[in-house]
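A.B. asks: Chains A and B are the protein sequences, given in the same order.
Sequential numbering of the first sequence, starting at 1, is according to the numbering used here.
Sequential numbering of the second sequence, starting at 1, is according to the numbering used here.
Don't take every hint at face value.
[Stated by the list, open to error] DEER-style ranges, computed between Cβ atoms:
1. LYS353/A to THR82/B: 56 to 62 angstroms
2. GLY85/B to LYS198/A: 52 to 58 angstroms
3. GLY84/B to ASP207/A: 18 to 24 angstroms
4. GLY29/B to GLY512/A: 54 to 60 angstroms
5. PRO313/A to ILE34/B: 46 to 52 angstroms
[Said to hold, decoys possible] Footprint (simulated), chain B over chain A, 3 or more residues, beta carbon under 8 angstroms:
6. 316-328
7. 379-390
Just so you know, the hints here were simulated from the structure itself, not pulled from any lab data.
Quick reminder that beta carbons are idealized off the backbone N, C-alpha and C, glycines included.
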Amino acid sequence: MSSKTTSAATAAASPPATDWTGSELLLKALVDQGVEVIFGYPGGAVLPIYDALFQQNSLRHILVRQEGGAVHAAEGYARSTGKVGVVLVTSGPGATNAVTGLTDALMDSVPVVCLTGQVPTHLIGNDAFQEADTTGITRPCTKHNYLVKDITKLSRTVHEAFHVARSGRPGPVVVDLPKDILVGRSTVYEGPEAGMRKTYAPRLEPDADRIEQALEMMARAKRPLFYCGGGVINSGPKAVELLTQLVRATGFPCTLTLMGLGAFPASDPLFLGMVGMHGTWESNHAMHDCDLMINVGARFDDRVTGKIAAFSPGSKKIHIDIDPSSINKNVRVDLPIVGDAGKALAGLLSGWKSRKAKGDAGHAKDLAAWWDQIEKWRARDCLRYEKTDKVIKPQYAIQRLYELTKGRDCYITTEVGQHQMWAAQFYKFDKPNHWMTSGGLGTMGYGLPAAMGVQVAHPDALVVDIAGEASILMNIQELSTICQYRLPVKAFILNNQYMGMVRQWQELLHGGRYSESYMDSLPDFVKLAESFHCVGLRATKVSEVDDVIKEMLKVKQPVVVDVAVDQTENCFPMIPSGAAHNEMLLGPADKKKPGGAISEDGMVLV
Amino acid sequence: MTAVERHTISVIVDNEPGILARVVGLFSGRGYNIESLTVAETDSREHRSRITLVTSGTPMIIEQIKAQLERLVPVHKVSDLTEGGAHVERELALIKVRGTGEKRVESLRIADIFRARAIDSTIDSFVFEMTGSTDKIDAFVKLMEPLGLIEVARTGVAAISRGSQAL
Chain A
1 MSSKTTSAAT AAASPPATDW TGSELLLKAL VDQGVEVIFG YPGGAVLPIY
51 DALFQQNSLR HILVRQEGGA VHAAEGYARS TGKVGVVLVT SGPGATNAVT
101 GLTDALMDSV PVVCLTGQVP THLIGNDAFQ EADTTGITRP CTKHNYLVKD
151 ITKLSRTVHE AFHVARSGRP GPVVVDLPKD ILVGRSTVYE GPEAGMRKTY
201 APRLEPDADR IEQALEMMAR AKRPLFYCGG GVINSGPKAV ELLTQLVRAT
251 GFPCTLTLMG LGAFPASDPL FLGMVGMHGT WESNHAMHDC DLMINVGARF
301 DDRVTGKIAA FSPGSKKIHI DIDPSSINKN VRVDLPIVGD AGKALAGLLS
351 GWKSRKAKGD AGHAKDLAAW WDQIEKWRAR DCLRYEKTDK VIKPQYAIQR
401 LYELTKGRDC YITTEVGQHQ MWAAQFYKFD KPNHWMTSGG LGTMGYGLPA
451 AMGVQVAHPD ALVVDIAGEA SILMNIQELS TICQYRLPVK AFILNNQYMG
501 MVRQWQELLH GGRYSESYMD SLPDFVKLAE SFHCVGLRAT KVSEVDDVIK
551 EMLKVKQPVV VDVAVDQTEN CFPMIPSGAA HNEMLLGPAD KKKPGGAISE
601 DGMVLV
Chain B
1 MTAVERHTIS VIVDNEPGIL ARVVGLFSGR GYNIESLTVA ETDSREHRSR
51 ITLVTSGTPM IIEQIKAQLE RLVPVHKVSD LTEGGAHVER ELALIKVRGT
101 GEKRVESLRI ADIFRARAID STIDSFVFEM TGSTDKIDAF VKLMEPLGLI
151 EVARTGVAAI SRGSQAL
């Protein structure tokens with residue numbers, strides 16, 4: 001790592017310092033940030049950067065087929081490594097195509113730096129060719145954004161962008177780079193140690209008194225529950241380890257959000273499964289009936305809370321979050337703790353251990369009674385589905401995928417819809433950073449490019465995109481990228497020829513009028529795979545499921561598996577929109593129960 | 001339902017392009033109210049501006065507004081003057097009134113009572129300048145209506161805490 005700070009004044013006096021073009025300064029800053037891979041697509045405004053990329057060997061560029069794919073790939077890269085994902089796109093349509101991915105990264109707190117080309121400074125505002133107001137458009141969908149108008153501030157801005165993207169609650173940051181800045185020359189380079197501006201200093205250290213209060217509440221609780229989310233994973237592997245130790249030390253039950261899967265081992269008996277709209281019976285009932293909820297790094301999303309007025313009415317709530325604006329946003333909590341999840345968990349764990357030593361850590365009898373109740377809920381076996389050999393049940397396909405891959409270092413991405421929920425329910429994650437899904441924004445088309453990004457970061461690992469046939473078509477062009485870089489990504493399509501979740505809601509809410517949710521004229525996915533130089537496989541019978549999975553795992557190339565699943569299967573359990581946690585539907589029969597149908601109020605919710 | 005409260009909030013920001021759009025976009029994007037917004041650079045050496053916002057919402061919303069503002073990278077400080085206790089709020093208004101005869105005389109008389117100054121005059125019009133609380137300006141404008149009010153320009157609220165402490 002070399003860095004050099006030269007002011008314009010001294011440069012004039014002393015022997016000529018090296019001067020760099022804006023593009024060279026940019027790449028130098030990226031290298032100094034430890035960047036190894038960039039996902040991008042060239043265009044007029046960024047040609048100088050591509051020219052500089054051509055003349056160096058430190059940064060690898062992955063050429064996607066559409067800029068949207070670049071951002072999801074960077075998200076997959078970031079979430080599977082904990083590093084910042086980097087995107088490079090051109091001005092105008094390059095930047096606007098990146099907007100969905102940026103919004104996705106904002107909603108799911110994924111650290112991404114997106115470099116966008118811009119028309120030269122003197123043309124900004126003139127409706128120039130491929131001009132868009134990128135900072136204006138991306139302002140609400142980024143954590144922060146910059147327009148670089150002075151080449152001497154370029155390096156500093158890039159370093160600041162990385163710092164903002166990765167620190168505090170991570171998120172996407174855009175750096176908009178006018179072409180005259182990229183071709184201009186300057187001697188000013190500041191290294192990553194260049195100071196961050198004073199206004200940005202996320203609070204990491206939790207208040208010690210509040211940790212003590214939390215311990216006191218935990219020691220008094222009769223029906224406690226850990227409710228944890230992606231914040232634990234974002235905090236890092238140490239936070240995950242600490243959470244696992246804390247949950248085991250307390251013996252409290254633990255549930256995870258969709259984003260949190262992997263933050264606590266799914267195979268641990270203390271784990272109740274996922275919480276929320278398609279969470280388990282035991283998780284949602286425990287959320288409803290607990291007397292102490294310990295939220296670590298989750299944000300009381302509407303998919304988790306259901307009807308706010310009926311959300312866990314009898315509980316005291318502790319909320320640990322690095323983002324103060326997450327606190328009291330949806331649900332009023334009794335004890336907010338602002339800080340890094342890892343640091344808070346370390347405080348709780350050491351405090352709990354010393355309390356335990358003094359015999360002041362919880363009521364064993366009450367906790368045992370609470371577990372008795374939970375086991376009764378668990379005995380409902382809420383994820384059961386009809387076992388049949390007539391048609392491939394999607395749940396069965398995922399279960400078999402899990403069974404046949406569970407010993408391996410397997411990363412799973414998903415698209416959005418029924419298959420995503422089934423993957424969350426049936427694929428068991430024991431480790432963090434192995435589950436990449438679009439939670440907050442719900443972006444169909446996320447999974448394939450995300451898998452691509454994961455595979456770039458982990459070339460030897462098994463990476464599977466559990467997909468639906470509708471979602472995967474949204475970014476199917478990335479098969480071409482996958483082929484170009486010989487990424488052995490596996491796309492495992494649960495093909496029911498419907499937008500399954502849309503169809504499910506139409507069935508439950510709109511009298512079975514399947515308006516525009518049936519996909520006619522689908523491609524032959526096997527031939528489609530072959531045309532992209534991938535291997536195509538198909539299973540139409542239950543007896544073929546294991547064979548195609550085994551074949552998929554054996555092949556060292558990219559594979560697309562088309563699994564023809566039950567067209568009418570719905571995703572249960574389900575908390576109907578507008579309902580409370582204890583009003584779950586367990587299966588198709590439930591919707592006919594009085595009160596089981598979705599209320600008028602629920603109809604307006606998404 | 002909790003009652004809606006009116007709060008005056010001061011925000012110190014780096015004076016850089018786009019900062020006002022960030023603040024305003026935050027309010028429109030999240031559906032918060034802005035009753036008034038005043039902004040100008042107040043520290044030219046450090047290039048800092050002070051934004052004074054008057055907003056309304058339930059206590060939970062007000063808390064959110066402050067947390068969301070603090071989250072913006074160029075924001076130095078957010079201070080809720082309403083919560084902080086004693087503070088003064090002033091607005092400046094320019095009020096144009098057209099009329100002749102008794103109405104014209106009456107408008108001048110009322111302006112005197114309100115300590116508004118005539119800063120422009122023609123044979124049949126005045127422009128009054130006045131500073132005061134929002135309520136006082138509202139009251140003056142209302143009185144001018146029957147006397148020939150034709151135009152009002154207001155700055156929105158500027159506010160500062162009482163006492164010797166700075167924000």
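A.B. asks: Each of the hints needs a verdict: does it hold here or not?
C.D. replies: Taking the hints in turn, this is what the structure says about them:
Against the hinted window of 56 to 62 angstroms, the Cβ-Cβ separation of LYS353/A and THR82/B comes to about 44 angstroms, which falls outside the hint. About 27 angstroms separates the C-beta atoms of GLY85/B and LYS198/A, a value inconsistent with the hinted range of 52 to 58 angstroms. Checking the proposed 18 to 24 angstroms range against GLY84/B and ASP207/A shows it holds: the Cβ atoms sit about 22 angstroms from each other. A beta carbon spacing of about 36 angstroms between GLY29/B and GLY512/A contradicts the range 54 to 60 angstroms that was offered as a hint.
Between PRO313/A and ILE34/B, the C-beta spacing of about 35 angstroms breaks the proposed range 46 to 52 angstroms. Under the rule that three or more residues need a Cβ within less than 8 angstroms of chain B, the assignment of the stretch 316-328 of chain A holds, with 5 such residues. Here the stretch 379-390 of chain A counts 0 residues with a CB under 8 angstroms from a CB of chain B, which misses the bar of 3, and the coverage is violated.
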